[in-house]
Amino acid sequence: MNRTLRRAALPAALALSFGLAACSGSNEQATTSGSGSSESASESSLSGDLSGAGASTQTVAQQTWAAGFQSTNPDVTVNYDPVGSGGGREQFLSGGVPFAGSDAYLKDEELTTAQERCNGGNAIDLPVYVSPIAIAYNLPGVADLKLSPDTIAKIFLGQITTWNDPAIAADNAGVTLPATAITPVHRSDDSGTTQNFTDYLHTAAPSVWTAEPAQAWPVQGGEAAQGTSGVIQAIQGGEGTIGYADESQVTDELGKAQVKVGDAFVGPTAEAAAAVVDASPEVEGRPEGDIAIKLDRATTAAGAYPVVLVSYAVVCSSYEDAAEGEMVKAYMTYITSEEGQQAAADEAGSAPISEKLRGEITTSLELIK
Amino acid sequence: MTTTTGPSPSPEAVAEIEQPMRQARLPRWTPWASLAAALVVALLVTAPGGRSLGGVVAITAIAHLVLIGVLSAVREGSRRAKDRIVTALVTIAFGLAMIPLVSVVWTVVGNGLARFDTTFFTWSMRGVVGEGGGALHAIWGTIIVTLIAALISVPVGLLAAVYLVEYGAGSRLAKAITFLVDVMTGIPSIVAGLFVAALFVIVVGPGTKLGIMGSLALAVLMIPTVVRSTEEMLKLVPNDLREAAYALGVPKWRTITKVVLRTSVSGIATGITLAIARVAGETAPLLVTLGITTGTNFNPFDGRMATLPVYAYYQYTQPGVPAEAGVERAWTAALVLIILVMALNLVARLISRLFAPKVGR
Amino acid sequence: MSSTQTTRPDPGGDRAVIETGTKRAGDTVFRGTATGSGVLILLVLAAVAAFLVGEAVPAFTADPAEIEGERGLVAYVWPLLFGTVLAAVIALLVATPIAVGIALFISHYAPRRLAQGLGYLVDLLAAVPSIVYGIWGITVLSRWMIPVYGWLAEQLGFIPLFAGPASTTGRTILTAGLVLAVMILPIITALSRDVFLQTPRLHEEAALALGATRWEMVKYSVIPYGRSGVVSAAMLGLGRALGETMAVALVLSVSNVVTFNLVSSTNPSTIAANIALNFPEASGIDVNVLIASGLALFVITFLVNFAARWVVQRSGAKA
Amino acid sequence: MAKLIDVSDLNIYYGDFLAVESVTMTIEPRAVTALIGPSGCGKSTFLRSLNRMHEVIPGARVEGKVVMDGQDLYDKDVDPVSVRQHIGMVFQRPNPFPTMSIYDNVAAGVRLNAKRMSKSDLDDLVESSLRGANLWTEVKDRLGKPGLGLSGGQQQRLCIARAIAIRPSVLLMDEPCSALDPISTLAIEDLIGELKSEYTIVIVTHNMQQAARVSDRTGFFNLAGVGRPGHLVEIDDTSTIFSNPSQKSTEDYISGRFG
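Chains as they are written, first to last, in the numbering used here: chain A, 1 to 369; chain B, 1 to 361; chain C, 1 to 319; chain D, 1 to 259.
Simulated from the structure, these hints should not be mistaken for laboratory data.
Predicted model only: the values in this text are computed from it and were never measured.
Hints may contain errors.
Claimed, not checked - One-sided and incomplete, this derived list gives chain B residues near chain D with beta-carbon spacing under 8 Å:
{"id": "1", "residue": "W106"}
{"id": "2", "residue": "G249"}
{"id": "3", "residue": "V259"}
Unchecked claim - Partial pick of chain D residues on the chain B-facing surface, computed with a CB cut under 7 Å:
{"id": "4", "residue": "I57"}
{"id": "5", "residue": "M89"}
{"id": "6", "residue": "P98"}
{"id": "7", "residue": "G109"}
{"id": "8", "residue": "L112"}
In this text, a Cβ means the ideal position worked out from N, Cα and C, and glycines have one as well.
Okay, chain A solo, but in the shape it has when bound (with noise of 0.2 Å):
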C-alpha cells in the first residue's frame, strides 16, 4: 500500500505492543498480585496448568470447581474444554490432557489402551457430577404432572398426541387435562443427556421404547432443538411442549414432571438422585479403584429418581510427571469434597454424591501416585 499508510501502521503497532501487557483482567491482576483468598491455610506448593476436556454436560460444575480450586491453589491454572465425552476420552487416550471428563465410562478396550498411557498403572473412573434430569412441561394450569415411564415413552415416540388422552389421565386423577396437541422436544445434538435419558426410556419401558440408548435422539419427528439451553427455549416458545433437561436449567415458569418409581411418583430432587445412585451396583471385572456404575433404572427403591446423569471424572493411577500427578490428584480430591460437590449444587445444580460413593472415591484417589 502507498507511504502514507505504511508509515501510519507502524505507530499503531509499537503502542499495541505497549499497552498489552498492563490490559489483562483486573480480576486477573488481584490474583496474579498475591491478594488472593486470605483463608488458604497452607499456602500450596501446587502450580503450573491444569487442562482437561470431554462432556460439555460438566462444563459450568469444572468451571465453579476450577474458580474455587485456583481460589486456594493461586499458581494453578485449571481449564476445562467442553468438546464432548468422546472427544475428552480420545485426547485423554492420547495423552493430550490428563484428566477427561466422560457421560459414560471408559470401555474395556478403551482400558487397555489407557494402561500404557498411564505410564504402566490404569485408568481410574470417578462419579463426581450427578444431575437429575428434568421432563419439562409448558402446560398452563397444570401444576404436578404424574407420568408413568410406559407413557412418557409413548409421548416421546408421538404415539400419544393430545394432553387429554386417557393414558395420561389415568396417573393424572382429578387434574383437568387440556386438548392441546403435545410436541415432544428432544436434543438436535448429540449428548449424554440423551444418552441417560433414552437409557432410562428403554429400561424402564422396554415393550415401548425399543430403540437402543444413544447420544442421538433415534425417533423421527418431533422438535429437535441444539443444547440444553436450545430445549429450554423451545419448550418455552411453544404451549403443550415437553422435553428433558438438567434439572438445574429449567426455570420455574416450567413445571417438572414427577415419575412413577413402584407405585410412588418422584420428583427430579437431588436427595432422590443420590439415593439411585447409592442403589445401583457397581460394574463387576473393573480395574482396581475403578467406580462404574451400572445405574439401575428399573429401581423400586422408595424416593429414588431413576432419571439421572451420572458424568465420570477420568484419570490415570500413575502419571509420568509427578507434579502433575499431585495436581490431579488435588484437584481430584477437592472435587469431590463436601465444599467442592456444594459449590456445583449451587452454581451447576447437580446433586451432592452420597457420604458412602465419597468414601470409596477418597480410597480410590489414594493410589494416584
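Based on the hints, put chains B, C and D in the right spot on chain A.
Chains B, C and D in isolation, oriented as in the chain A frame:
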C-alpha cells in the same frame, strides 16, 4: 455528395414517436395520498380478524401499489405508471428489509446494555462463577486473532488480485487461480476450522489450541473475499490511466502501486472491511480451533485464546445457574462485537474517503 | 493565443542516449511476489482439498452398519445436502430481489444525503456476526413466524409446502431460510450498490436524453451494466448461506428426513449445522462421516459458484 | 533538443496477425509529421510502436528497426520504459489522473519516476510545463484543484504539460483533438505550432484540414482490404501531398472520393 432517400416512416409512426411536450401529470402529493388511502383500506380489511402488525403492513403495501399504478395509468399513461410502481416497489423493498435488520440491532442493543458496564470491559472470567465477570479476555482475543488474520490475508489477497488483473490476465495460471478462488469462497467456515485444527494436531500434537490457528482459519476464509473484491476494483480502473502512466516512462510495478492501486484504494478498502466484518463474526471455525478459556492471553503462539463469538456462544448455550447472568453476558458480548466491527467499518470508510479519487459523481 | 514569454523546459538535450541496462529489478520482484501469492492460494487450496478427501475416504470405505442411521453414507448425507440447498435457495429467492431493490433505492432513488447514511447502515449490518442472527432468530423471528405458519397451515394446507400441523415453536426450515436471507441481504446489497454506482454517467444520461423515465433509464443502462456484478454478489451471498453453521444450528429443529414441508417441525438439517451439532461429541468413524459431508458441501458450493460464473460469462461481460 | 527518427522496414504484429507491413520513413526533428489514412490502416498502431507502447498489449511484437540518435529503440537490451521517458505521448481522450490535483498531475511524470527533486525546482518545472502548454494563465491560482475539474480542452493541455514535464525529445499525439470542441482544437493546434520549434512531433489525425494546417510533412497510410495489413503509401512535404501526390490512392483519399 448525393443523399439517397430511403423509405420515409408512415405518419402514424411519426406521430407515435413525437411525444406531446405538455403531458397530464399527477400532483406531487399523489404518492403520499395513495399510501394513506391504502392504510385505511388495510385497517378496514383486518378489523374483524384481529389485527397483526405484519398483516396490516403487507396489505397497505399491496393496496398502495395497486392504487398508484391504476391512478397513474389512467392519468399519465402506462410508461409513467410503470415508473411510479417501480419507485413504490423499490421503496417497499427497502422498508421490508429494514424491519428484520432494525429488529436485530434493536434486540441486541436492548439486551446487550444490561451488562454494558466497566466490569464487563475490565474483568475476564477467571475465577468468576455466576454473576459478574466480563469479556476483556475475549475482546483482546478477537482483536488479536482478526488482526493477524488480516495481516496474513490482505497482502496475499491484494498481490494475488494484482497478478490476476495486471500480470497474468488471460494466462492459464490466472484462469486456474480465478477458478480456485471461486472454489475457496465455497469452503464452509467450519471445514476451514477443521482443516486448521487437523493440521496442527498432526504438526504439533493432539488437542492443541492456539491463537494463531484461529487466525489461519479466518485467513483461509478471508483471502477469497479480498481477492475477489480487489480484482473487481482493479478491473474498474480505466486502461487509459495505465497507458498514461506507461507513456510517462513509469515502470509497470510503480504504475500499479502509485496509480492503479491509488485510484481504486477506496473500493479495495470497502472490500477488505467486508472481508474482516464477515470473518470477525465467525463462530464455527474459532470454536473448533480455539475453544474457550477464562483468562487473558496475548500470545497467539502459546495456550488458548478466548474470542467474542465463541464466548457469546458458550455463555448462551451453557449459562450455568442462574441462567440470566450468562445470557446477559452473551448479549453484551454480541453487542461489543458489533461495535468493534462497526468501528472497523468506520476506519475503512475514513481511509477510502481520504484516498478517494477527487471527482464528484 | 501565443503566450508572451515561453520558457519551456529544454527538451532532453543533456541526456545523450537512452540508458540501456538489465531489466528493471522493481518489475521482476513485484511480478514475482504477485505470482507467488497467486501460487500460494493454489497450495492452500490443495492442502484443504487433500485434507478433506484424506479424512473423508475412511467414511466411504466403512461398511454401512457403522454409519449413523445404519443406512450407509449416501443415505446419511443426502437429506443434509437437500436441507442445505433448500435453505440456501429460500434465502437467495427472498434476499436477492429485495437486495437489488435496496441497492437501486440507495444508488438511484433515495435523496443523495439519505443514500449515504443508508449505504453505511447496510454495510454495518453486513458486519453483524452470525451468532447474533442465530440468537435473534430463535428468540424473535421464530416467535413472529408462529402465527404465520398457523395461518398458512390452515388456509393453504392442501399445498404440500404448507401441509400438516404447523410448528408451535416456529423453528422450521423456512425460518432458517429467512434468517439466512437476513444475513446475506447486506452482503448482496453492498456489492450490488457498488456496481450500480459504477454505471458510467454517459450511459445513464444517454437514456435520460431520449426522454426515458427513471425506471426505463435503470432498465436500459443500469441493470445491463450491473447484471454480472449482481450475479457475483448473489453468488457470494449464496456461498455464505450454504456454509452458515451457527445461526442454522440454533434456529432449526432438525431431523434426518427429506421434505418440502416449510411449516412443520420436522425439517431436514443442513450439512454445516449438522457438523456443528455433532462434531464436538463425535469420535472415530463419525468424524470421518462428518468430514465427508463437509466434502459434499464443498463440492455443491463449488458447483453452484461455477454455474453462476458460467452464467455471467454467457450473459456477456459488463459494458 | 529534438531528435531525428529513422524507421526502416518496420513490421508490427498482434500475435501472428500482421497489422502494419514494412514501413520505412524518416521523421524530421523540430517539425510536425502528420499521419493520415482511413480507420484501420494501422496509423495509430504505427504511432504506438514508436514509443514501444504497442508491447503493453500481451502478445504484441515488432520486427524491424527504429533508430533515434543512432540508437535502435528495439535493440534487445534497450528498456522500453526508458524509451517512453524520451518519447512522450498524448492520447485521444484526455486522461488526467483522477486522484491528483492539477499540480500533482503535471509533476506525476517526475514523482512517479522517484526522481529526487526539491520543492522549488518542482514548482518551476510545473510552471514552465503549464506555460509550455498555454494553460498557466488559466490555472495558476487553482493548482490544488482536482485535474478532472477542468474542461475537455484544458484537460488535454494538462496532459500535454504532463508529457513535456519529463523533458522528452519527441511528442506523439494520437488524434488529440477528436474529442474536443473547435475552439479547444484551435488552441491545441496553435500549441503544436509553438511546440514544434523544440520537439519532434508526430500526430495521427482523421482531420485532413488539421493535417494541412499543422504539419510540415504528411504520411498517408492505406490498407489493401479489410483484414489485410496497413502500409505506408507515401510520405512527403504536406504541401506536395495535398497538391499533387505521387500515388493515385493518395489522390483519391485527399479528394475524398471514397470518403
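Evaluation of the provided hints:
With a cut of 8 Å, the hint placing B/W106 at the interface with chain D is violated, because the nearest CB-to-CB distance is about 40 Å. A distance limit of 8 Å between C-beta atoms decides the matter here; for B/G249 the minimum to chain D is near 3 Å, and the interface restraint holds. Hint status for B/V259: holds, given a least beta-carbon distance of 6 Å to chain D, under 8 Å. For D/I57, the interface hint is violated, since its Cβ never comes within 7 Å of a Cβ in chain B; the closest pair sits about 10 Å apart.
A distance limit of 7 Å between C-beta atoms decides the matter here; for D/M89 the minimum to chain B is near 4 Å, and the interface restraint holds. The interface hint given for D/P98 holds, since its Cβ lies 4 Å from the closest Cβ of chain B, which is under the 7 Å cut-off. Given the 7 Å rule on beta carbons, the hint for D/G109 holds: about 4 Å separates it from the nearest Cβ of chain B. Checking D/L112 against chain B by beta carbon gives a least distance of about 4 Å; that is within 7 Å, so the hint holds.
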